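A.B. asks: Chains as they are written, first to last, in this note's numbering: chain A, 1 to 136; chain B, 1 to 133.
Derived by calculation from the structure, the hints in this document are not laboratory data.
Careful: at least some of the hints might be erroneous.
Unchecked claim - Here are a few chain B residues that face chain A, going by a calculated C-beta distance under 8 Å: (1) LYS30; (2) ILE33; (3) TYR43; (4) LYS68; (5) ASP71; (6) PHE74; (7) LEU79; (8) GLY87; (9) PRO121.
None of these values were measured; they are calculated from a predicted model.
Note that CB positions come from ideal geometry on N, CA and C, so glycine has one too.
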Amino acid sequence: MTDPLREMQRLQREMNRVFTGLEQPLSQEVPLVNAWVGEGDVVVTAELPGVDPAKVDISVVGNTLTISGTRDADPLKEGESYHRQERHYGRFSRSLQLPFHVEAGNVEARYERGVLRITLPRAEADKPRKIAVQVQ
Amino acid sequence: MDGKVEYQKKPAQSPVETERTRNRRVYVPKVDIVETGGAMVIYADIPGADEKAVEVTLEKNVLTITGKVADQEFPGRSLSYSEYDVGDYERAFTISDEVDRDRIDAVVKNGVLKLTLHRAPVAEAKRITVRME
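Please model the complete structure; the sequences and the hints are all you need to start from.
C.D. replies: This is how it looks when you write it as structure tokens:
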């Protein structure tokens, strides 16, 4: 016979665990990004090891950047087996709000050492303009 | 003396934990380990590190992977939004004697280190049987 008080406490712990878990975002958006903002452009970087650059899509609409693609797992050959599998595979998609509108035609993306680097120049129309104060 | 004396032997960390001399973030790379029959292949995600910055050492039966990653720097721009940190990579594995120590291949491509540990052909010969007297 289990102690009812102890069982209650266990349940409470379990409930706490479940509810604390809910505070975390349900689906973490991948890839994680860093954004470096300068006067004339913004550089966005993301760690995407082992991805075929041809399978990465980058699109810009207004001031929203979307990075999506697929990371394929190397299929196991006959007689091979996993001892451990910790790396993530599959589709990824990520949108990011940029601090300004960008020149979509001049966006540059490079993939080096498993790190994606996207340089997005600020749209000419969105650049801050100096306005001279006129004296009347 | 009221302090407790520890008579029990302490289990060792495997591999033995060491402290770092450089004050830098270090991450444990995620790995896949595949058994291919003739070899064991370790794939480690080390984005930001290239083949020049990766070191693989084998001492006794501890295989250590280290990858140095240069800090991200974009002159004239400041990091205004950050979801991940950049740091070095380090991870160690205890490997068995069946691995041929002279035939460990390491390749780095697109931020992934591929380590192939070939099986030693004559592992059997090294085994020593303990006899009763």
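A.B. asks: Against the structure, test the hints numbered earlier, and report the numbers of the ones violated in rising order.
C.D. replies: Those not satisfied are hints 4, 5, 8 and 9.
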